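Put chains B, C and D on the given structure of chain A with help from the hints.
Number of protein chains: 4
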Amino acid sequence: MSDAASETVASVVRELVDANHILFDQGVVDGFGHVSARHPERPDRFLLARSMAPALVTEKDVLEFDFDGNPVEAGAPAGYLERFIHGEIYRKRQDVMSVVHSHSPSVVPFSVVTGTKLRPVCHMCGFRSEKGTPIFEIRDFAGPGSDLLITSGKLGAALADTLSDGPAVLMRGHGSTVVGSTLRQAVFRAVYTEVGARLQMEAMRLGPVTYLTEGETVGTTKTISTQYDRSWFLWLKAARNSPMSQ
Amino acid sequence: MSDAASETVASVVRELVDANHILFDQGVVDGFGHVSARHPERPDRFLLARSMAPALVTEKDVLEFDFDGNPVEAGAPAGYLERFIHGEIYRKRQDVMSVVHSHSPSVVPFSVVTGTKLRPVCHMCGFRSEKGTPIFEIRDFAGPGSDLLITSGKLGAALADTLSDGPAVLMRGHGSTVVGSTLRQAVFRAVYTEVGARLQMEAMRLGPVTYLTEGETVGTTKTISTQYDRSWFLWLKAARNSPMSQ
Amino acid sequence: MSDAASETVASVVRELVDANHILFDQGVVDGFGHVSARHPERPDRFLLARSMAPALVTEKDVLEFDFDGNPVEAGAPAGYLERFIHGEIYRKRQDVMSVVHSHSPSVVPFSVVTGTKLRPVCHMCGFRSEKGTPIFEIRDFAGPGSDLLITSGKLGAALADTLSDGPAVLMRGHGSTVVGSTLRQAVFRAVYTEVGARLQMEAMRLGPVTYLTEGETVGTTKTISTQYDRSWFLWLKAARNSPMSQ
Amino acid sequence: MSDAASETVASVVRELVDANHILFDQGVVDGFGHVSARHPERPDRFLLARSMAPALVTEKDVLEFDFDGNPVEAGAPAGYLERFIHGEIYRKRQDVMSVVHSHSPSVVPFSVVTGTKLRPVCHMCGFRSEKGTPIFEIRDFAGPGSDLLITSGKLGAALADTLSDGPAVLMRGHGSTVVGSTLRQAVFRAVYTEVGARLQMEAMRLGPVTYLTEGETVGTTKTISTQYDRSWFLWLKAARNSPMSQ
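Quick note, the sequences are listed as chains A, B, C and D, same order. For the first sequence, numbering that gives the first Met the number 0 begins at 0 and goes up steadily by one. For the second sequence, numbering that gives the first Met the number 0 begins at 0 and goes up steadily by one. For the third sequence, numbering that gives the first Met the number 0 begins at 0 and goes up steadily by one. For the fourth sequence, numbering that gives the first Met the number 0 begins at 0 and goes up steadily by one.
Everything labelled a hint here was simulated from the structure, so no lab data went into it. Just so you know, not all the hints are guaranteed correct.
[To be verified] Okay, the calculated bits of chain D under chain C, using three or more residues with CB under 8 Å as the criterion: (1) 23 to 31; (2) 49 to 55; (3) 97 to 109; (4) 143 to 153; (5) 168 to 177.
Computed from a predicted model, the values in this text were never measured in an experiment. Positions of the beta carbon are idealized from the N, C-alpha and C atoms, including for glycine.
Here chain A stands alone, though its shape is the one from the complex (with noise of 0.2 Å):
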């Protein structure tokens, strides 16, 4: 690998290492979750950290995997049980650089109910399809005795199945997966999915809500990405200072 690569790699390191922290500073995972970034010089390997709470993550406990879900080292520490999330979601989607997958708080309600979806309610989530975002059941895949985990390449191709197209899933009695066309892109939707499910809760307890419309999500969307940095230095300055940190 050149000094060049190997500088690239240790940047998607270091943004990774942040990410980790960003997501917990911002209560998208506690000491459950993780984030992913594929690898800039073997798009056929992403990065992850080893099996560890997300705010504790430092640059040495990034490993790096192939899509099966194999560490490329031999001896490498243990990674998270559902890294197949991550391999599975890269193999299908060459469009994605970045996965996160949480159990954020007001999203998984939206996972276990019947007749009410996920909807984009504001322009920060315009992200989201106005159709609703898809629920993965794992009954369907794994039977009705599982643990609820994507704990093969299987199950994480089922789940990116369920994904499809789109930038978020749902997993019934879980959590969701949200994925980005970069770190930053994917680390702010995991973000404003938890704001607007939180928005749409409240909103349904108000009264009928207007969703956003198709026209309304593409146009949001357009604009709004234009704007992650502005939310990514913010995020990090506050990860950085808070008492977690010191």
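Just chains B, C and D now, kept in the frame of chain A:
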């Protein structure tokens, strides 16, 4: 410009920076939202930060704009996409000296429901009309496929029309804009619009709500208008002592 | 005044300052709200801060008032507009040694709804009557266009009448007032009135609620009344360690 | 006692102190609530702090009790009024090595409603039975006018009977008690009982809820039981870095 005039401008700029930090610390703005002040020497201009997260604004980030949203200084950095909110309100409302635009989380739900209006439930919110705060439906002006943002003078003028002579206007699927005859009043109103929306939500879930009468909105506004500084200096200390300011 | 007496007063003043900071740190007061103590040497007077945000009160801000709300010291700074709440309750209730007035956020909603009463749902709130906390409707005394505030002895006396011999009274569209036979009891009751209102709200949304019986309010009050110091010293440490105190 | 034995006890005491601080920092306990561990050398005894706020507990505050709630050491400071919760559960349940009693805020509402049970909605809560967590109604044992507290061995034994062989029991109008086969498991379950109660509340407000099947509770419990340390060390850092620990 005389020394006295430039000192006055400097003073407003300093207070505007404080307002940015307060609105973030009180949860009214996140990475988005903005606050402006009418220029103290040139009532046909206003002061507003360049496009950035409010929590990070410093004095050197504050720019001067004309009502068409053009920066006065050549080569100024990019302004907020929605600076037209400010220009058109200052143009229409000579009594307004400050404008706050935000996506504050308890207010957005009221912007997307029909049949339920944001109304004053307690004395701290008496500045809002007992008839309910108007909602700006951008579809009426930008069609069914816009990005929901106020990105032109035409849309800013339409928003100012819906605001009319009131203190606040909701923006469907987007947020709200609150105005004041002083910067501290606008900040106070923005915080208590959020607080009051939360109180109304909770009350509505308990049973039929007794709102303020028109007379009570007049009475409370008169008394509370003498109390802004009490909150201002509390919030300023909170913002300055926050880990975000370290 | 003897040295011993002035030492007693100094001690009450110090504890009153702590109470101000605790009530802010626990979310009972924001920029508004106030807490007083009956004067330990002059039972016809009470101690209350000058008009300012509770979080910022220091010993030198504490003033002495008579029951008509007049400061004892000539040239004293302005007192709270609603100091009559305190004077009239101390006048009517000889058992009361401390009064807390607040707009605590989970309590205000109960003040504006009909058909739902604030009632004790758990042992920590057993000090409130199982029949429900009374609501003071200021329209009955100040007409339909007041500023909702207790700005005269007449209104303070009417509020004291509605409080009657109970521990708490709600004030429609405004907040609540809680009393105690000690300063620590009043602070404890103010915090757990907020906590209990939140619990009741949540419970009511789940289904029909089992409230405490009259016997249980008696039983819990007797036991819990031995436990105030445990919370007091915890809350004091939390307030002192808060960034606001740095 | 051998040196090795006393070292083991010291180690459990240190971890018990950490557990106290974690439960406060995670919002499970406030000034009230307590956590114990079975004595590692004397299975007929347990370790529990003296009566004080959990956040302030240090190693020297931890006492040794027999199952009747008597302190082993003569002249020990006062224990918690409800230490009988711990003694009677340890007596009845030889598999239990740690007990957490709390009034965690999202759980109390489930204790006072009829017709709605606390049930597992997601994989992190799969340790609770899909049939719903039992509720201990103290009126059945102490009559209609008690203080709701478990202040005797008789009441503790009745609570242990309602807990039966499960992981958790709700206490009407009071709180809950959660047990574990290790201290870290009990703490984990206490935190995720609170988290899961909040998720269930929110989900129920959105529509009919899909709960975990019995098979899923078995599956998730098996997998998640390998993950306690990940949360433990995160929470420990959060508690130690909190302003409360400075």
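Hints breached by this structure: Nothing - there is no hint that the structure violates, so all of them hold.
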